[in-house]
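**Student:** To convert, take the position in the sequence shown, counting from 1, and add 155; that gives the numbering used here.
What the hints contain is simulated information worked out from the structure, not anything from laboratory work.
One thing to keep in mind: the hints can contain errors.
In silico lysine-lysine, PhoX-like type, Cα no more than 20 Å apart, as pairs [unchecked claim]:
(1) Lys-250 - Lys-272
(2) Lys-230 - Lys-272
(3) Lys-228 - Lys-199
With beta-carbon atoms standing in for the labels, derived distance ranges [what the hints assert, rightly or not]:
(4) Glu-227 - Ala-275: 15 to 23 Å
(5) Val-328 - Arg-158: 21 to 29 Å
(6) Arg-158 - Ser-327: 26 to 34 Å
(7) Thr-318 - Ala-348: 34 to 42 Å
(8) Pro-295 - Pro-229: 27 to 35 Å
(9) Lys-230 - Thr-318: 18 to 26 Å
(10) Ala-348 - Leu-326: 37 to 45 Å
(11) Glu-349 - Ala-275: 41 to 49 Å
(12) Ala-177 - Thr-318: 23 to 31 Å
(13) Ala-180 - Lys-329: 26 to 34 Å
Where is the CB? At the ideal position from N, CA and C, for every residue including glycine.
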Amino acid sequence: MIRVLLADDHKIVRDGLKRILAAAADIQVAAEAADGDETLARVKAAEFDVALIDMSMPGLAGMDLIKRLKIEKPKLRVLVLSMHGEHQYAARALKAGAAGYLNKDSAAEALLGAIRKVAAGGVHISEAAAAGLLQAGDKPPHEALSDREFEVLRLLVEGLGPTEIGEKLHLSVKTISTHKARILEKLGLGSTAELVRYALDHKLL
C-alpha cells in the first residue's frame with residue numbers, strides 16, 4: 156500500500172484528489188495538509204511513501220518546502236502537482252529534490268501512474284518537459300535566477316506587492332525589494348509591467 160500525504164490549500168481540490176485516489180486499491184490517503192507548515196509538521200510526525208504537494212500554498216511553499224521535506228525525510232518521494240507550466244518549473248522542482256512534477260490539467264490516470272512511478276523509485280515528468288531538460292543551447296534569462304528570486308518573480312507577476320510577498324515568504328520588505336532589483340537587472344527589465352510582459356511571453360504565468 157502506497158501511503159500518500161495530500162497537501163493543497165483548497166479543500167475542494169483535496170476532496171477531488173481523494174476521490175481519484177480512492178479508486179486505486181494500492182494507494183491510501185494517509186493524511187492531509189492545507190498549507191506548507193502543516194505539510195512539514197505532518198511529515199515530521201508520521202511516515203509516508205509519497206507527498207503529493209501543491210507548489211503555491213500559504214506559508215512554506217515551492218522549492219523551499221520541497222527542500223525542507225527532503226531534509227526531514229530523505230527517503231520521502233515528493234510529487235509536485237501544480238497549475239504552473241511544467242516546462243518552466245519541473246527542472247527547478249527536481250533540482251530541489253522532487254521525484255516528479257505533474258500539471259493539474261493532467262488526467263486521473265496520469266496522476267495514479269505518477270504516484271506509483273515515484274513510489275517505486277522512478278522520476279515522473281512529461282515527455283515534453285524531459286525533452287526540454289535535455290536540450291542544450293541558449294537558455295532564457297530567467298533560468299539564471301536563484302530559486303528564491305524565481306519565487307519572488309512568480310509572486311510579483313501574480314500582482315502581490317513587496318509587503319505581501321514578504322509576509323508570505325517570511326522575509327523583510329527590504330529583502331524583497333533587493334530580490335526584485337536583482338530580478339529586473341538579470342532580465343534586463345525596467346519595471347514590474349515589463350516583468351509581467353516577460354512572464355507572459357515566456358509562459359511563466
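**Student:** Run every hint past the structure and note whether it holds.
**Tutor:** Each hint, compared with the structure:
no.: 1; hint: Lys-250 - Lys-272; verdict: 18 Å, holds
no.: 2; hint: Lys-230 - Lys-272; verdict: 15 Å, holds
no.: 3; hint: Lys-228 - Lys-199; verdict: 8 Å, holds
no.: 4; hint: Glu-227 - Ala-275: 15 to 23 Å; verdict: 22 Å, holds
no.: 5; hint: Val-328 - Arg-158: 21 to 29 Å; verdict: 41 Å, violated
no.: 6; hint: Arg-158 - Ser-327: 26 to 34 Å; verdict: 39 Å, violated
no.: 7; hint: Thr-318 - Ala-348: 34 to 42 Å; verdict: 19 Å, violated
no.: 8; hint: Pro-295 - Pro-229: 27 to 35 Å; verdict: 32 Å, holds
no.: 9; hint: Lys-230 - Thr-318: 18 to 26 Å; verdict: 39 Å, violated
no.: 10; hint: Ala-348 - Leu-326: 37 to 45 Å; verdict: 23 Å, violated
no.: 11; hint: Glu-349 - Ala-275: 41 to 49 Å; verdict: 45 Å, holds
no.: 12; hint: Ala-177 - Thr-318: 23 to 31 Å; verdict: 41 Å, violated
no.: 13; hint: Ala-180 - Lys-329: 26 to 34 Å; verdict: 53 Å, violated
Checked against the numbered hints listed earlier, the structure breaks hints 5, 6, 7, 9, 10, 12, 13; every other hint is satisfied.
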